[in-house]
Amino acid sequence: MKMSKRKEPILLSFFFVFFLTVSLFWGSQEKNETLVIKGAKIYTSGPRGVLAEASLLIEGGKIKKIIEARDLPAGTVVDYSGKCIAPGLVDAHTYVSAYYRLLENSRAVTADLEAFAAYDPMIPDVRTALAEGITTVNLSPRNENLVGGITSIFKLTTDSLGPPFFKKGGFLKVSFCKQVERDDRSPTSLMGAEEMLDEWMQKPGQNEGRTDILSEGGIAKLAKGELQPLIAASNYEEINTALKWLNDWKKNGVIVGGEEASALADELKKQDVSVLLSPLLFSTPERVSQNAASLFRQGVRIAFVSDMPEGEASGLRTSALLLFHQGISQDEALKTITLYPAQILGVADSVGSLEEGKDADFIVFSGEPLDLGAKVVAVYSNGRLVHNQN
Amino acid sequence: MERTGDQMKKVIAMSPRNLSFFMALLLVLALIPCSAGQEYLLLKNAKIYTLGASGVLEPGMILIKDGKIQKIGKTVDPPAGAQVLDLSGKTVIPGIVSASSSLFLTEKDRAFSGDENPDANILEGMNYFDEFVPDVVREGVTTVYISPVSFRAIGGLGAVVKLPAQERGRVEVLKEKAGLRLKLESMEINKTSSLLRLTQYQRIRDFFIQAQEYRKEWEKYEKKSTEFKESQKGASEKSKLKEPEKPQRDEGKEILLQAMDKKFPVRIEAHRADSIHNALRLGEEFGLRIVLEKCEDWFKVLPQLTVASVSFLSNPLMDYRKSILPGGAKGYAAGLLKAKEEDFFYSGKESSGDSPSPKSTKNWSALVAGKIPLALIPPDNYPLSARYMRYYASLLVSQGLPEVEALKAVTSSPAEILGVSGRVGSLEEGKDADLVVLTGEPLNSLSKVEIVFVNGLKVGER
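Chains A and B supply the protein sequences, listed in that same order. Going by my numbering, the letters in the first sequence line up with residues -1 to 388, in that order. Going by my numbering, the letters in the second sequence line up with residues 788 to 1249, in that order.
The hints are simulated quantities; they were obtained by calculation from the structure and are not laboratory data. Check each hint, because a few of them may be wrong.
[To be verified] With a cut-off of at most 20 angstroms between alpha-carbon atoms, the simulated SDA-like pairs for lysine to any residue come out as follows:
(1) K1235/B to V76/A
(2) K1235/B to K62/A
(3) K373/A to A1153/B
(4) K62/A to V76/A
(5) K373/A to K877/B
(6) K877/B to L829/B
(7) K1245/B to T1226/B
(8) K373/A to L829/B
(9) K166/A to V76/A
[What the hints assert, rightly or not] Label-pair ranges, simulated between beta-carbon atoms:
(10) K1050/B to E235/A: 33 to 41 angstroms
(11) A115/A to Q989/B: 44 to 52 angstroms
(12) Q997/B to S104/A: 34 to 42 angstroms
(13) E284/A to A1156/B: 36 to 44 angstroms
(14) F938/B to R180/A: 47 to 55 angstroms
(15) S1152/B to D69/A: 50 to 58 angstroms
(16) G1187/B to E284/A: 52 to 60 angstroms
(17) G1187/B to D196/A: 25 to 33 angstroms
(18) E1216/B to D329/A: 51 to 59 angstroms
Here the structure is a predicted model, which means the values were calculated and not measured. Note that beta-carbon positions come from the ideal geometry of N, C-alpha and C, so glycine has one too.
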């Protein structure tokens, strides 16, 4: 007993010192220093399009002004003349740093789990993603459960203090993928999966005590419309089921996967459903790239995702490049990994494009953003340098 | 016609040891009428990366006839009636050579795990009408190395083939028995370790030692057999020897012996530093010509590589955490492979000495300084990955390799490593008219492929 009594003041003082350092640390970061990013070709992904030579004036982590004039205001000037600047990439579906921890495989429905609980900023993949320019992510539970849990939308960071959130509860992850069907528990088929989801939606809040469900608060929120569904569906029949289900329940949702979505483009447009497409890889068949281009041309809102670590961090840029080679302009192709995913996630008021008032998240490339020969020179998030090539 | 006759004589003169040789020759013969009788074609006003002695011609001209480059230079006088193609603003590079590919293999063959089979020849089991070929050749890849894919220690014999200009066209074999596949990577219940990999090394070593024994046996037999013949001439019955027993022929061992005689290189799949060391030891012990494949860890053993004068094939995207098994991480995710986390990904924080260092430590230009021949290969076992050799070269540029060297790594360098540089890999007089016309600089990924020629024929045209 004596020991513990003596421990307390030590502990208290330790906490005090800790908080002091933390607050000092944050204070120094938040100081409203003016940063001038000088002279580069800027792909804004916004209404100003591509600016041949412009500078960014950054204050308090935000873009205060995009200047096309030559004379620059006072401040710390970083010279990137001759380089290209693009917005920080938005990865709307990733398992980065937490692949194996995003799967609670005991039940088919694990509706309350928060993906963020699995996030580990110390895993090297986070650094890899940052080095590729991914600054905003939607961390998602995996596809193996019918209802996997709640996704988290946040700024990617290696800070052990944790990332700044946009939404701790982003979407409710639902999956109609093949992986949901298992022999040892329900559902064992796509039909069963849809039926099972219907059952819970019919009486949310009355299922406590059921052994096949791990907490159903997420479903109640979905029923009430507090959460939007993010439905994993890749093949035609899966997407078709997802669209029918959304229609039955009068819900607005987003589809992730979408490999055969172009066949359902009209229905997707009618129901205003956006599609997050799995990354186009170098080994991807031509028809999958054509599917993406066809969706884009038919006016369905699309974005590419990385699916890290199933896919690579570089998959975003590769996908946009392969879309460009399907005849889409470089600017528009770039938007499928910047502005459009930000719009789909509902965070386009702060990220996704370089506009005055938005977050200073951007990538400096040694050449054109979609040229794989161009390297990522630097990455900034909230006006802070988070990756430097050297 | 004369030429065809000559070739026929050759066929008759050679004793047809196996079917594949015949097939190869037949295909070559079948191709001759395709390109014969072609008009002169002059390409002009293009920026030409010859990858040969003439360097970059800006602009230059190329005269093509009968599937060959007749003349190339700053200016070429076209003969009367030559068809002229104006390529102002375009660039031309040699047809791209992929030093490895999974083309012409059916999906099952790509994951084949039969017995150790040194004499399995890819030409005897390939799927000639691979549906993926048109997509690959359309991106400017005209020559590929094809090989049996096997998880076993000894995989079989590969070949170098030209991709046909037309869909379902004939596949020309540029070189058969172009390499013997060995694999120093070993898995047990989807796990691997340096000790397991050492076991694999020992297995391969045993095969070569057995082959050496086999040679000794034959040498002994031949010596005894001459002694026996000599003794037959002798008059006295006493001095006559017993006829020696003839050892059994073993084609597999003979292939290994040919490899030891440096008739063709062995292509060793080695990923980690310890496997690369094992590969170099094999080469030294048995006098093999070594081409290292994949070797993600090359930068850890760079000094040894320089000394050993090996060629090596790799890809900046390659990652052994995902490339050990077909399907890789995706395959795992789909539940196809029941492996544990640590077999593929970091188990947590970066700790084990086995995990790859960050990409930044890979300084590709150090290879150029070390004069190590480098050629690119696709990063995985999917046939379509061979399409984008140009992009892999761009990635090398982004990781510090000078552009000229990166371009070499998909053209002249693989042609040399594969032993077909007399015909492809650079644009020079007398070489095959395999070329790619691009809308911009070859290693800018935003440039598009406009026209591809294979043996002077436009791809996709009939």
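- Evaluate the given range 50 to 58 angstroms for the C-beta pair formed by S1152/B and D69/A. Given about 39 angstroms between the Cβ atoms, the range is violated.
- Whether the CB-CB distance between K1050/B and E235/A falls inside 33 to 41 angstroms: Roughly 54 angstroms apart at Cβ, these two residues miss the hinted range, so it is violated.
- Quickly compare the C-alpha distance for K373/A and L829/B to 20 angstroms and report which way the hint goes. violated (37 angstroms)
- Query: Is the hinted range of 36 to 44 angstroms satisfied by the C-beta distance from E284/A to A1156/B?
  - Reply: Taking Cβ atoms as reference, E284/A and A1156/B lie about 39 angstroms apart, which means the hint holds.
- C-beta pair A115/A, Q989/B: status relative to the range 44 to 52 angstroms that was hinted: holds (46 angstroms)
- Item | 20 angstroms limit on alpha-carbon distance, applied to hinted pair K373/A and A1153/B | holds (18 angstroms)
- Range hint 52 to 60 angstroms: satisfied by the CB atoms of G1187/B and E284/A? violated (32 angstroms)
- Could you grab the alpha-carbon distance between K1245/B and T1226/B and see if it respects the 20 angstroms cut-off? holds (16 angstroms)
- Would you check the hint for K1235/B and V76/A, treating anything up to 20 angstroms between C-alpha atoms as holding? violated (34 angstroms)
- Message: Within 25 to 33 angstroms: is that where the Cβ-Cβ distance between G1187/B and D196/A falls?
- Response: violated (56 angstroms)
- Pair hint outcome, K373/A versus K877/B [Cα-Cα no greater than 20 angstroms]: This hinted pair is violated, its Cα atoms lying about 25 angstroms apart.
- Item | CB-CB spacing for S104/A and Q997/B relative to the 34 to 42 angstroms hint | violated (52 angstroms)
Going down the numbered hints, you'll see the structure goes against 1, 2, 5, 8, 9, 10, 12, 14, 15, 16, 17, 18, while the others check out.
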